[in-house]
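Chemist: Quick mapping for you: the protein sequence lines, in order, are chains W and L.
Using the numbering used here, the first residue of the first sequence is number 1, and each one after it goes up by one.
Using the numbering used here, the first residue of the second sequence is number 1, and each one after it goes up by one.
Just so you know, the hints here were simulated from the structure itself, not pulled from any lab data.
You may find that some hints are simply not true.
[Unchecked claim] Computed Cβ-Cβ distance ranges for the label pairs, DEER-style: (1) L:VAL69 to W:LYS41: 48 to 56 Å; (2) L:PRO25 to W:SER30: 29 to 37 Å; (3) L:GLY91 to W:VAL39: 19 to 27 Å; (4) L:GLU11 to W:ALA95: 19 to 27 Å.
Bear in mind that the values here come from a model prediction, so they are computed numbers and not experimental data.
Just so it is clear, CB atoms sit at the ideal spot from N, CA and C, and this is done for glycine as well.
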Amino acid sequence: MGAENLQPVNPLLDKRFVSAFVDGVIKTTSLMASTQVVVGKPTVETQFQAKGDVAGMVGMVFGQMKGTMSISFSKEAIFQIVENMLGEKNTEINASVTDAVGEMTNQIYGTAKTTLNQMGYAFEMAIPSVIQGTFTISKHHSGATLVIPFNLSNGSTFFVDITVIM
Amino acid sequence: MRKIIKKVLTELGYTNVEEADDGKPAFEKLQSAKSAGNPFEFVISDWNMPGMAGIDLLKACKADPSLKVLPFMLVTAESEQKNIVEAAKAGVSDYVVKPFNAQTLKGKLEKIWTKHSGSHAA
Numbered sequence: 001m002g003a004e005n006l007q008p009v010n011p012l013l014d015k016r017f018v019s020a021f022v023d024g025v026i027k028t029t030s031l032m033a034s035t036q037v038v039v040g041k042p043t044v045e046t047q048f049q050a051k052g053d054v055a056g057m058v059g060m061v062f063g064q065m066k067g068t069m070s071i072s073f074s075k076e077a078i079f080q081i082v083e084n085m086l087g088e089k090n091t092e093i094n095a096s097v098t099d100a101v102g103e104m105t106n107q108i109y110g111t112a113k114t115t116l117n118q119m120g121y122a123f124e125m126a127i128p129s130v131i132q133g134t135f136t137i138s139k140h141h142s143g144a145t146l147v148i149p150f151n152l153s154n155g156s157t158f159f160v161d162i163t164v165i166m
Numbered sequence: 001m002r003k004i005i006k007k008v009l010t011e012l013g014y015t016n017v018e019e020a021d022d023g024k025p026a027f028e029k030l031q032s033a034k035s036a037g038n039p040f041e042f043v044i045s046d047w048n049m050p051g052m053a054g055i056d057l058l059k060a061c062k063a064d065p066s067l068k069v070l071p072f073m074l075v076t077a078e079s080e081q082k083n084i085v086e087a088a089k090a091g092v093s094d095y096v097v098k099p100f101n102a103q104t105l106k107g108k109l110e111k112i113w114t115k116h117s118g119s120h121a122a
């Protein structure tokens, strides 16, 4: 259903564009949290929807292209990452957890942005927002959301959503 | 980010560490400590912060004669050439790009200490 909305120039169809974000996730979780992830099969959705209990989101602007990158974590996923990163065991989403989500979002976007700008894009750095709970974003445009799952060793999954508005 | 840096510093043996929410309270702490005769010996600052950014804190320190020689490391997700040039021009001691691991931070810290000690000896 989302495929007909994609235009030939949509960067979500560019493997290098998508790889920049995947590599950003792998590098960030590995270096900052000593956590190995397994990349799942990406899918395309027509409407963004958060999939976990807490999410980090950052806006991306390049010329006429606007987009968002978000990372949605289940509690199980983010608790494992924070434990690996800070040595803290958490049982609820507190300030420490939301700070970690914001920081990871910042680093993953920063890593991807550097790669993308070397490819000719000119994305700017932005400060991410962290959101808790279930939510949707309604859009009135021809965008689509690429959803990339990342699996952790404890069986949990977190998702990177990249939405591009042409 | 502060928790991560503090954890790494603790692992490396640096235990006398103070934190600030952003550049403004950090600059006030640096000035107060210097005035009180108990100056900080090293600054590690994120680039992107709400309020006063790390690059502006660096520039403020370099503009203050009492803080000018204080070793200053920027930690940031900004790894593009223009940012590195801006930080270098502002007088940053070194620059660590996120994401990083403890060994990278340790290496950068030691490099700054060596450089700083050398410049003082000279």
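Chemist: Determine for every hint whether it applies to the structure shown.
Modeler: For each hint, the structure was consulted:
The supplied range of 48 to 56 Å is met by VAL69 (chain L) and LYS41 (chain W), whose beta-carbon atoms lie about 54 Å from each other. A beta carbon spacing of about 33 Å between PRO25 (chain L) and SER30 (chain W) agrees with the range 29 to 37 Å that was offered as a hint. A C-beta distance of roughly 41 Å is found between GLY91 (chain L) and VAL39 (chain W), which places it outside the suggested range of 19 to 27 Å. In this structure, GLU11 (chain L) and ALA95 (chain W) meet the distance hint of 19 to 27 Å, their C-beta atoms being roughly 22 Å apart.
Violation of the numbered hints given earlier is confined to hint 3; every other hint is satisfied by the structure.
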